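Colleague: Sequence:
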Amino acid sequence: MQVALRPAARLLVLADWLVASIYVASYIALILALLFNFHISGVPVMLAGTLMNFLAIIANGGRMPVSESALLGAGLEDQVEPLRSGALATHTLVEEGTRLTFLADIYHVRAPYLPPICFSLGDGLMAIGVFVAFYLGMTRLSRQQRRGGLPGAPLRSGRKRRGHPADWRGGRWGARR
Numbered sequence: 001m002q003v004a005l006r007p008a009a010r011l012l013v014l015a016d017w018l019v020a021s022i023y024v025a026s027y028i029a030l031i032l033a034l035l036f037n038f039h040i041s042g043v044p045v046m047l048a049g050t051l052m053n054f055l056a057i058i059a060n061g062g063r064m065p066v067s068e069s070a071l072l073g074a075g076l077e078d079q080v081e082p083l084r085s086g087a088l089a090t091h092t093l094v095e096e097g098t099r100l101t102f103l104a105d106i107y108h109v110r111a112p113y114l115p116p117i118c119f120s121l122g123d124g125l126m127a128i129g130v131f132v133a134f135y136l137g138m139t140r141l142s143r144q145q146r147r148g149g150l151p152g153a154p155l156r157s158g159r160k161r162r163g164h165p166a167d168w169r170g171g172r173w174g175a176r177r
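Numbering (this note's numbering), first residue to last: 1 to 177.
These are computed hints drawn from the structure, not numbers from a lab.
Among these hints, one or two may not hold up.
Pairwise CB distance ranges, derived in the manner of DEER restraints [what the hints assert, rightly or not]:
| # | residue 1 | residue 2 | range |
| --- | --- | --- | --- |
| 1 | E81 | F131 | 30 to 40 Å |
| 2 | A127 | G75 | 14 to 24 Å |
| 3 | V109 | A48 | 14 to 24 Å |
| 4 | F131 | A33 | 10 to 20 Å |
| 5 | L35 | Y113 | 31 to 41 Å |
| 6 | Y135 | E96 | 36 to 46 Å |
| 7 | V109 | F134 | 17 to 27 Å |
| 8 | G86 | S26 | 18 to 28 Å |
| 9 | A87 | T139 | 43 to 53 Å |
| 10 | L55 | R110 | 23 to 33 Å |
For clarity, every value in this text was computed on a predicted model and none was experimentally measured.
Backbone N, C-alpha and C define an ideal beta-carbon position, used for all residues, glycine too.
Let the hints inform the model, and build the full structure from the sequences given.
Modeller: Written out as C-alpha cells, the structure is:
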C-alpha cells in the first residue's frame, strides 16, 4: 500500500491529509499483522522498528522526516527540493520544529552495487528482524529436512510418520547402519 501511495498521490492529486491518513492506516495495518505473528522469531524486532517509524510519523503530522545531510551524503541531491517544497506527501525535511528527530531518516548508505538510501533506526531494526525471521526459518526447515521430516507428525493419510526412509530395513523399521 505504501509503495503505491507516492505515485498515486502525484497522479491523482490527492489531498495531503488523505495521503497522510492512508500512510498512517497502512502502518496500523502493518502493526496489527506483526502483532498477530508475534510468535515468529524476528517479528518482535520488526515490530519494534515499525513502532519507532510510526512514532516519528505520527509526531510529525503523518510524514516521515528525512535529514538533508543524509540525503546529500547518499547522493540524493535531487530529492532535497521536492521535500523542501512539500511535493512528497509521505516525507518531509528535518527542520527546527521536527519532533523525535533521532527516529527520523538521518542515516545513509552509499555503497557500490547498492542504490543509495536514507534510513532510520526503525528501518534498521526492521531489516534485522526480517533477516532473523528468514535465517531461522530456513535453518529450522533444513534441520527438519536433514532429519527426514518430523517423526511422529501425522501423514496426510492420518498414519504417524515412523522415521526416515533410510531406516526401513527388510519390511521393518530399524536403525540406520
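Colleague: Hint by hint, which ones does this structure get wrong, listed from lowest number up?
Modeller: none
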